[in-house]
Amino acid sequence: QKEVEQDPGPLSVPEGAIVSLNCTYSNSAFQYFMWYRQYSRKGPELLMYTYSSGNKEDGRFTAQVDKSSKYISLFIRDSQPSDSATYLCAMSANTDKLIFGTGTRLQVFP
Amino acid sequence: KAGVTQTPRYLIKTRGQQVTLSCSPISGHRSVSWYQQTPGQGLQFLFEYFSETQRNKGNFPGRFSGRQFSNSRSEMNVSTLELGDSALYLCVSSLSGTAREQYFGPGTRLTVT
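Chains A and B, in that order, are what the protein sequence lines are.
Take the first sequence: its position 33, counting from 1, is numbered 33 in the numbering used here, and each next residue is one higher.
For the numbering used here, count along the second sequence from 1 and bump the result up by 1000.
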C-alpha cells in the first residue's frame, strides 16, 4: 500500500463547477500538506500549503486537512478551462522530503 | 528573478549508457532536490543536497548519484541505464529546504531505448 493514495481520474467537469480533489495517507507523522498543479510538459507549481489540520483559502482554492481521518482535500470554485491540469497532493513529516500522490487529471470544458 | 534551469530538456540514451543531468537553482537558494516522475509511480524523491552535502536520500539503487557544487548548481548521474529509467527528472530549488518554498524546474525528459 502506498503512503499517499490519490484517484488518478480523469475528472471532467463543466466550466463554473466546484471541483473536489482528495488524497488519503497512512503515515501519521505527516504534518506538512501541499497541493501542486502541473500543466503538460511543465514542472509542478505550488498552489496551497497547510501545516497540520485545518482549512486554508486562497482565491478560488480551499485546502482542507483532517489529520484524524488522514484525509486532505482541495476545492476549486468557479472552475475555468485554464484550471485543466494534473493536481498532485504532497506531504512531508519534516521539511525537505516530499511524498507525492500520483496526481489527478482534471479537465474543465467550456 | 530567473527560475530553475534544467539541461538538457530532452535526452535519448541506449541501455547500458550513463547520463548526467544538470540543474541550476534560483539565485541564493542552497537546497536542491531531485525527483523522478513516471506515469506508474508518480513523483519519487531521489536525493537532496544542501551546501554541497547530501542531506537526504530516497530508495533508489546506487546507479543514481548526485552532487552539488559550491555555486549550488547540481548534477545527477545515472549509470548503466535501464529501460525503466525512462522518466521526467525534476529538480527542486529551495532557500533552505522547507516544504513551503520549493520551486520545481521544467524537468529533463529521459528516454532509454
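Everything labelled a hint here was simulated from the structure, so no lab data went into it.
Treat each hint with caution, since some may be false.
[Claimed, not checked] Lysine-lysine pairs mimicking DSS-like chemistry, simulated, CA-CA at most 30 Å apart:
no.	chain 1	residue 1	chain 2	residue 2
1	A	K67	A	K2
2	B	K1013	A	K42
3	A	K70	B	K1013
4	A	K70	A	K97
5	A	K70	B	K1057
6	A	K56	A	K70
7	A	K67	B	K1013
8	B	K1013	A	K56
9	B	K1057	A	K2
10	B	K1057	A	K97
[What the hints assert, rightly or not] According to the in silico footprint, chain B covers these stretches of chain A (three or more CB under 8 Å from chain B):
no.	segment
11	39–45
12	97–109
[As the list claims (entries may be wrong)] In silico contact screen, one side only, chain B against chain A (beta carbon under 8 Å); selected entries:
no.	residue
13	A1002
14	F1045
15	G1084
16	S1086
17	Q1102
18	P1106
19	L1110
Glycine included, C-beta positions come from ideal geometry on N, C-alpha and C.
- Task: List in ascending order the numbers of the hints, as given earlier, that are violated by the structure.
- Result: Numbers 3, 7, 8, 13, 15, 16 and 19, in rising order.
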